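Q: Note that the working numbering has the sequence shown beginning at 34, numbered continuously upward.
Calculated from the structure, these hints are not laboratory results. Treat the hints loosely; a few may be bogus.
[Said to hold, decoys possible] Subject to a maximum C-alpha distance of 27 Å in a straight line, what follows is the list of computed DSS-like cross-link-like pairs (lysine-lysine):
{"#": "1", "residue 1": "LYS880", "residue 2": "LYS530"}
{"#": "2", "residue 1": "LYS369", "residue 2": "LYS340"}
{"#": "3", "residue 1": "LYS292", "residue 2": "LYS530"}
{"#": "4", "residue 1": "LYS151", "residue 2": "LYS233"}
{"#": "5", "residue 1": "LYS375", "residue 2": "LYS310"}
{"#": "6", "residue 1": "LYS474", "residue 2": "LYS530"}
{"#": "7", "residue 1": "LYS298", "residue 2": "LYS310"}
{"#": "8", "residue 1": "LYS340", "residue 2": "LYS310"}
{"#": "9", "residue 1": "LYS375", "residue 2": "LYS292"}
{"#": "10", "residue 1": "LYS60", "residue 2": "LYS310"}
{"#": "11", "residue 1": "LYS292", "residue 2": "LYS880"}
{"#": "12", "residue 1": "LYS214", "residue 2": "LYS45"}
{"#": "13", "residue 1": "LYS45", "residue 2": "LYS298"}
{"#": "14", "residue 1": "LYS298", "residue 2": "LYS369"}
{"#": "15", "residue 1": "LYS60", "residue 2": "LYS151"}
{"#": "16", "residue 1": "LYS880", "residue 2": "LYS45"}
{"#": "17", "residue 1": "LYS388", "residue 2": "LYS375"}
{"#": "18", "residue 1": "LYS214", "residue 2": "LYS292"}
{"#": "19", "residue 1": "LYS388", "residue 2": "LYS348"}
{"#": "20", "residue 1": "LYS340", "residue 2": "LYS298"}
{"#": "21", "residue 1": "LYS298", "residue 2": "LYS151"}
{"#": "22", "residue 1": "LYS298", "residue 2": "LYS375"}
{"#": "23", "residue 1": "LYS292", "residue 2": "LYS534"}
{"#": "24", "residue 1": "LYS45", "residue 2": "LYS310"}
{"#": "25", "residue 1": "LYS369", "residue 2": "LYS292"}
Predicted, not measured: the structure shown is a model, and the values here were computed from it.
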Amino acid sequence: MPIEMLDNTEGKRLGDSLRAVLDDEAKLSFISAHVSLFAFGELREELERLDSVRVLFNEPTFISDMKGLADAPEFELTRRAQCERERALTDSALELSLHNKLNQRALARACASWLREKVTLRSVRREHMLQHPPTYVIEGSGASPHLFWGQGATFTLEGLGVERRPDTLTMITHCAGDEAKAQVEFLMAQFESVWADDAKTCDVTEQIASKIEALYTDNSPEFIYFLTLYHIFRRFLQENQDHNPREDTGFFESVIWGKLYDFQKDAVIGAIRKLEKYNGCIIADSVGLGKTFEALAVIKYYQQLNKNVLVLCPKRLRENWTLWTQASDERNPLAKDRFAYKVLNHTDLSRRRGKSGDTDLEHLQWGTFDLVVIDESHNFRNRSATAASTNRYTRLMNEVIRANGRTKVLMLSATPINNRLTDLRNQIELITEGRDDYLEKTDGITSIDSVMRLAQKRFNLWCSQAHGRHTTQSFAEYVNADYFRLLDALTIARSRKHIAKYYGTQTGSFPARLAPRNVQVPIDERGELPPIGALYDMISDLTFAQYQLLSYVREDARPTYEANYREGFGNDFGSELHRTNAVAVLMRVNLLKRMESSVSAFRSTLGRVRSSCADILDRLAALDARDINDALACVDALYGTEGLDDGLDDRDAEIFEIGAQIRVDLRDVDRGALSADLSRDIEILDELIGYAREVTPDRDAKLGALRTLIAEKTGAGQINPGNRKILIFSAFADTATYLYDQLAPELLRTHGLTCAQVTGTRNRVAGKRRASGGFEDILGRFSPRSKETIGRAQREGEIDIVVATDCISEGQNLQDCDCVINYDVHWNPVRIVQRFGRVDRLGSTNKHIQMVTFWPDVDLESYIKLESRVKARMALGDASASGEENLLTPSEDMNDLEYRSDQLRALRSETLDLEDMRRGMSITDFALDDYRIELERYMNANPGVLEGAATGLHAVVSIPDDLRAQVSPGVVFCLQQRDGTHDANRAHAPLSLIYVPRDATGAPTLSHPTCSLDLLRRLCEGHREPLEALCAQFDRATRDGEDMSEYTALLSQGVAAAIRQGEEATLESLFTPGAIAQGASSEADFSLVSFVVLL
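Hey, can you work out the whole structure from these sequences and the hints?
A: See below:
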């Protein structure tokens, strides 16, 4: 016959031509770089009739011995090319149709049998050794041989012409008869010479047969779980190679690295990767998981690279950070690492001069830092809340982060999602430097602002649902997936539950929490003090005129002040007036909370407030008598607030600090109005002071209850045998001082208990052995095992009881102690959780721990209503002042009073984690880092297993009893959309996990990856071997994979659901700038990665 040209179009396909000439007598030999299971399926009937088949791979395939090439520069490329050829055996791109993969099990069984009976396969050992296009030689068929060859004639569905790329032109030559004889003889002589030369080729029949057999052997659920993870996170694994920490820095031999748990090491590696890829990372691990040590390890890595590091922290946490830089301090267990970073306070960003520690702020070059670590970065979440915080946020952005060009930002944050997702956005902008398209090239997110706006819109809808619908699952269903993609790119967030689940006993264990104890006693043992509601009404009548002097400035004097504030602070007079009004409202709240805390704190505060009133009145009287000079006439606008800002969150405390820089000349005020308000306040204050003076320590019922608790806990009622340690917290230094003065001498004398006081500004120890230096001395003696200061504690004596303010409620490991007493209820319930986090820590030597909380002497609902009145009064004061955003919203999550009320109710009955707080979603609920780390560990322990595994594999599992109420029999499919048909903004596109119930009444479910992966993990975990009885049941139902019709129908339902979801996303993206999404339109746009059958 004449030479025939085939182009793999209709009527001229290689597969059809081969089928026509492969008869019972034919002998087939062919050369190809790719061989496909599904090509066998296409010609199965003809191939199974042949007596023998020889296949020669003209590129190395399934070669384990690369003959010393491992050291060659091009080895990695060679290895990757071989892996691609081996993957094509089962996973060629055009062959990944759904039905091919679902039915591959039966086909693989037939192919493996054919391979072992009739086929020999050999591969060349080196690349480019046999430079010949794919070629098929058929001898013994009819009267003459047949020869097919062409560059596109591989033994795949595409090579056979069954599948075709629309933009590919294929030319295959076919000749037979006399025209083919000479060429066949020459070609077969060359073929035989290479085939028989063991130096050039080797037999790979067994490897390929085993690979095919793996497609129909039963798989363990655990293997399918990790195979699914591998395909979901494969891009992440590849990118990691470019951003891993350098091995040559000495970092992995540092002291800090050796002290980390595995989960902390994983966080550090993850943070460094994100810092290298994105120039920023937010670590939002839960309380008690050691964010400080994780940050120190990151700092150490960059210090090894000679980078200049700045740590920004709240003022109360400054000493926590400075200790690690003291290389000669015996209290520093990390001294050998020689940390040399600079520590500054958050509020230093609001100052242009003065000292911060030993740093002269006037001459500090803020823009010289390569890495900025921000502790409690959630304090920067509201960049427009006040004029002061705007300046602070803006200065951080412009003078610190942007100034250096490539400054990296590591943030340590406690960021539960409450009712404003934008709180997190403002922290993210510190990483992105405000660039909306910052993640477009790396993650396909074209507009961060659009993602956040859409997420907020959906979040608002979610919040409007009934409380019973406020679950992680429902949240994931409401909020757009690219929001989670954004979180995944820039955050690391794990909860203690995650650590226990994914790291198990290798990290030690958390102590068991005993049920919280609640103590509710009256302030006055005799009951003569008026009820708390009546006292609040008296406090509400106070004007606090001395704290809002600007509001008394006469109209004719205001222009001077307006000019001064524009030039000195960059703000207008109205903003400053608003700030001083806010202080007055804060003082009202402050008095209420101090009254709840202790009668002593209440009494001393009333006295200070009265003194400031009287002093201003005296100055006004001197002005009237013209007996005053300029120095006495000018006073601070926030006159007399020194020492009254403890117990406030940092942002509220800053109002005091900035206001103290403002001066008012009393000659410019309305003296009559100011005198009248001050005089009226003094009358009220005198009455309140009179009540408070009557309650002496012997009448203080709350103090008496604390004595009883201490005696019980340190005596017969010890929580853990031999442990007498107690950590007592108060929001106020006045209360801490009062408790120490009343208890310390008595407990030392009667019980031999050593007490200490830690308030930041005043730290002391009872008895002759006194602490030298700051509170770290005291804490080292209080918790010497966790602080690694046992020698010092033995020399100077251990401390049994510490009375402290919230200066140590974060960043401290005090796990030698097993009991935390909250002597007052902080305005922010998050602070209660943080206090308990000092002892509720991983690896604690205590078997049990307990929290005790003192509550105001009023029923909880009345207390919540009272606080609601305070909140309403605060909001009213703000709205009337300037109409700006509420200045007094606390800096954590408390802008939703109902949310806070829920927490107060819950704290009476259980010890909460931040992520457990009802209605408070946490980013830890949607973190995927645990799955990635779990996958990396599996791959390190099982190298090459997942990379070489085929897709379309399955496992069979039973539904655990605890899941049967949520999950019915069905299938979890992992689907992959073809390139160009998926929305790049969607979380982990192009992969989808879809649960399809067998019950016709159930609808397919596409969940956020954390929800789906958590379900998959719970179904598969612990099953390292196939579940034989279930596999046998599945085989009977499907006739060993021959009849997959039921699962084909379920798969079609799942694909239809995925297409519908894609259509909804496309429609929604029409109204979202920069987010137009492409969607899959048919089953042909999907391939099957894996599936798990639930029986």
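Q: It remains to establish, for every hint, whether it holds in the given structure.
A: We went through each hint and held it up to the structure:
Restraint check: the Cα-Cα separation between LYS880 and LYS530 comes to about 18 Å, which is no more than 27 Å; the hinted pair holds. A hinted pair counts as satisfied when its Cα atoms are at most 27 Å apart, and LYS369 with LYS340 qualifies at roughly 18 Å. About 21 Å separates the Cα atoms of LYS292 and LYS530, which keeps this hinted pair within 27 Å; it holds. Pair hint LYS151 plus LYS233 holds up; C-alpha atoms about 23 Å apart against a cutoff of 27 Å.
Taken as a hint, the LYS375 and LYS310 pair is honoured in the structure, with Cα atoms around 24 Å apart against an allowance of 27 Å. For the hint linking LYS474 to LYS530, the alpha-carbon distance of about 34 Å lies beyond 27 Å, and the restraint is violated. At roughly 18 Å between alpha-carbon atoms, LYS298 and LYS310 fall within 27 Å of each other, so this suggested pair holds. Between the alpha carbons of LYS340 and LYS310 the distance comes to roughly 17 Å, so the proposed pair stays at or under 27 Å and holds.
Between LYS375 and LYS292 the alpha-carbon distance is near 23 Å, which keeps this suggested pair within the 27 Å criterion. A threshold of 27 Å between alpha carbons decides the hint, and for LYS60 with LYS310 the separation of about 56 Å lies outside it, so the pair is violated. Only pairs whose Cα atoms come within 27 Å are accepted, and LYS292 paired with LYS880 is accepted, the gap being roughly 22 Å. A hinted pair counts as satisfied when its Cα atoms are at most 27 Å apart, and LYS214 with LYS45 qualifies at roughly 23 Å.
For the hint pairing LYS45 with LYS298, the CA-to-CA distance comes to about 60 Å; that exceeds 27 Å, so the pair is violated. Proposed proximity of LYS298 and LYS369 is supported: the alpha carbons are some 19 Å apart, at most 27 Å. Between LYS60 and LYS151 the alpha-carbon distance is near 11 Å, which keeps this suggested pair within the 27 Å criterion. Using a Cα cut-off of 27 Å, the hinted pair LYS880 and LYS45 is violated, with the two alpha carbons roughly 77 Å apart.
In summary, the hint linking LYS388 to LYS375 is supported, as the alpha carbons are separated by about 13 Å, within the 27 Å threshold. This hinted pair does not check out: LYS214 and LYS292 have alpha carbons roughly 75 Å apart, beyond 27 Å. Taking the CA atoms of LYS388 and LYS348, the gap is about 13 Å. The hint holds against a cut of 27 Å. Of the supplied pair hints, the one linking LYS340 and LYS298 holds, its CA atoms being roughly 21 Å apart against a limit of 27 Å.
Between the alpha carbons of LYS298 and LYS151 the distance comes to roughly 53 Å, so the proposed pair goes past 27 Å and is violated. In summary, the hint linking LYS298 to LYS375 is supported, as the alpha carbons are separated by about 24 Å, within the 27 Å threshold. Restraint check: the Cα-Cα separation between LYS292 and LYS534 comes to about 21 Å, which is no more than 27 Å; the hinted pair holds. Distance check on the hinted pair: LYS45 and LYS310 sit about 50 Å apart at the alpha-carbon level, beyond 27 Å; violated.
Under the criterion of a C-alpha separation no larger than 27 Å, the hint pairing LYS369 with LYS292 is consistent with the structure, at around 13 Å.
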